[in-house]
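Undergrad: Chain by chain, the residues run as shown.
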Amino acid sequence: MTDLVPLPDPTVHSEAGSSTEEFVAEWRNAAYNCFSSGHKFCREVCPVTQVTRNETWTPTAFHANVVAMEQGDLTIEDVAADYVNCTGCGACELRCPNTLYTGDFYRFRTRTVDLVKGVRALAVENGIHQPGWQRWNELTDQRTHEPVLGEQPVGQDQVRDWADGLNIPIGGENILFVDCEAAFYRTSVPRAVAQMLQLGGYEFGLMQEQWCCGGPAAEMGYVDQAKRFARHNLDNWHASGAKRILVLDPHDYISFTEDYPKYFGAEFDLEVVLVIEIFAEMIRDGRLTPHVPIEKAITYHDPCRLNKRKGIWKEPREILRAIPGLDFKDVDRVTQWSYCSGGGGGLPIEKPELTKRISDVRIGKAAELEVDTLVSACPWSERPLSASGDEQNIDVTDLHELLAESLGITVGGRRGDT
Amino acid sequence: MTVTESLAQHVVDSLVAELAPVLGDEHVLTSKTARWNRARVPAPFPVHRWSERVPDLVVLPASTEEVAHVVRVANKYSVAIVPRDGGTGLTDGAVPERRGIVVDVKRMNQIHEIDLENGTCTVGVGINMLKLNEVLGKHGFIYPDDPASYPCSLIGGRIGTSGWSLVGSRYGHSRDLVLSFDMVLPTGETITVGDGGGQKLTKSSSGYQLKHLFMGHQGTLGIATRATLKLFPKPEAEFSPFWAFADYETAYRAVGALPRAGVATFAGAVLFDEWKVDYLRRDDEAYIPQPSSVKALVCAVAYGNEDEVRAGGRRLMRIARDLGARYLGDEISEGDWAARHDRYATPLHGRTRNGQVAPMSWHCEDAAINYTRLPAVRVAWHGILDRLRRDYDVFDDWGMFAYTSGNTGLDYLTEIDVGIWEQELDDRAWAAWVDAKREIAAVSLAHGGSISACHGSCREGEVDLVPEELGGAYEVMLKIKRALDPNNVMNPGKYGLDRAYRTEDS
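Line order of the protein sequences matches chains A and B. Note that our numbering has the first sequence beginning at 3, numbered continuously upward. Note that our numbering has the second sequence beginning at 4, numbered continuously upward.
Each hint should be verified, as a subset may be incorrect.
Computed footprint of chain A on chain B, listed as stretches where at least three residues anywhere in the stretch have a Cβ under 8 Å from a Cβ of chain A [to be verified]:
1. 38–49
2. 120–134
3. 146–159
4. 479–491
FYI, nobody ran anything at the bench for these hints, they're computed from the structure. Even for Gly, the Cβ is constructed at its ideal location relative to N, Cα and C.
Next comes chain A alone, as it looks inside the complex (with noise of 0.2 Å):
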């Protein structure tokens, strides 16, 4: 498909101006593929979908509307708010026919997620906000960290106090990224990480002045902070002399691996590292050896960002199947395409009580397994699935946090609320 007839120039009779020019003459021949095949595979794996039932805010509506935008019957004003509609979890892309498709052969995907993010940021040039995300990153820009404790304060005074008592290093080749909501509200998944990496003999130290990787900012449509954010990580890395950097969040590993590279080019020059991904080696090599049974009936969450989007399942199932006594009832991470806590996106912030009713379906999943603890890796998804988990009598924990427990650590620090 390399020799495609020239399109002709598309003709724009927006009102909003040459951004939104621009944004439909990159996007028109993407959402053409989804609005003239209009199959709509996406909508009954889309979390919001699942629980909204409305049309308006499907995978497919959001790639129409950049058609309609470009025959001019809808502007940037009349189609900003539906694109909070959306965790960006990606199960639209892996199932749309035209990612199965020609997927295997050109490894082509559809993007739904990106075309979200791009009309969020459009809206944002456009100067139309979304109340609770212009007050969460006017917060974050001000705080350098996102306010997940609410008024309580977040910075760089508190973003070390998770890792009292641990004697960890600061600088270094390795450093160790920890995002806001586990830095500052589940201390006891950094936590857990880093005496993991200690027990298993990996040097590492923590950022001299750690910000915020800037990827919220990004999702919500706030680009130009997210840069921003993004040159103060990538400088202070370099001025430490770091060569690696230990990700234990799903959404830093997007930013990192997916945000970054766009940002600078080859400028960014760092390996990206999931800690998930040493601890299943360290198991592996006997580095590490999971010993002290764990007598719990659990059911794995696959965090979107690393099934759906990633492709990362097997290591945390190769995790789970080390640790002793556990009573492990998977579901096929094809099956969870349709799963998410409706963590992601920033709908939590702007549309909680939609995060609320897609974490009750998740959590009602588990509770079909009739287990008593739902493992997850990610700990955005871990608040609003403890929420729900607290109302069907399940236990939500995070699989580093299952894991050192298994190794024998005392993990300390605090489980957010639970």
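The hints should help you fit chain B onto chain A, whose structure is shown.
TA: Frame of chain A; chain B shown alone:
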């Protein structure tokens, strides 16, 4: 075609004021995105005319009672109502040709009952078959209604279009699988239709058999809201051989012989003609290439208990082999049949006349044709496409399939797949396409077939020939429509039913 004006704002306001207190504010939508996205279906239409078919408002009811309320309000204001389920149909049933109120039933997707002993389930019509089967599978059941749109179409749309199923030769089609359903009539009353007044019976002989009347009406006779479905044991085994043939004629003989063999587990057979094989070889990179000596393909599928599928499969293999088929092997066979469900989309491109790649979307025209007429229809249809393509370089012939509709080889769904470069589809090309559709339908009728086995025949072009196809029965259709929908509010503009309301003077 005249374009209906949008309703005056004060009328929209009045409708919202009547509907919102019953349905809830959040389920009465007037935003532009809500309305534009309910005017979309997969069938091609010139995109620059999208705004002509945008409804005035959209409602998302959650119950039969709420649907009935909407219908009563629409009658009060004489405003058109358009039922919308999955919106995946290919005959524009869900397109609001006269604007008005789109009744989007997707929220009615509950499973109300699974009757394990009688083997039925009762569901809201907004549920999708794949999602339903995820639940039924845990109980050892399957609901085997299996269209190409299986992952996205909804039960209500299957009722409204009287859908056709890929495995219908084994399990029957939607009309056989839907036992009964609740129906809100065009005047707002609710009835239940099905054998014996509509419960869980496959056969009664009491009274008029109204179920078929209320299936396939494309939303012109009301809105189904809740349906009881017939379930089957989840099959233990699937066998899905693919065979290659040196010419169309032999493949044609095979696709007739396979259903006639009387194999109980036989669920369907499909013939790929030479144009289809050429197209797959040319542009379908996902298709495993076959040598140029291969001119046609046939696949079949069997479902059931393992021992029965194994025995039946051996017989099917022998029949094909005796006719000169070359079996393509287990890997291709299993993979390709599995991919059938995902082949609803074809590649994102086709070719212009000089072989240039262009972004094209898939469309297909279908017909119900007797076995003996398939070869002649095929030649005539490709001829129509060839002429169209010569005049307008935005169409591409992607070949034909013929699928068994039943288990005796009597009649087939045959379809011609057409690539359309929609970004370039202007008014002239569109008019030529409509003419071609009319010609395609005329060929079907000339060969004693029906304009559609599957999609319906509501669209511009073919719809002109529906009175010819149905003859005196069409006059009965008009009388039924006028009797049940005195104000012509229920999906007006479809099937030429407006003529039911014409007076002598008009």
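Undergrad: It remains to establish, for every hint, whether it holds in the given structure.
TA: Right, here's what the structure says about each hint:
1. 38–49: That given contact holds, which follows from 7 residues of the region 38–49 of chain B lying within Cβ reach (below 8 Å) of chain A.
2. 120–134: Holds: 4 residues of the region 120–134 of chain B have a Cβ under 8 Å from chain A.
3. 146–159: Result for this restraint: holds, n = 3.
4. 479–491: Per the Cβ count (0), the hint is violated.
Hint 4 from the earlier list is the only one contradicted by this structure; the remaining hints agree with it.
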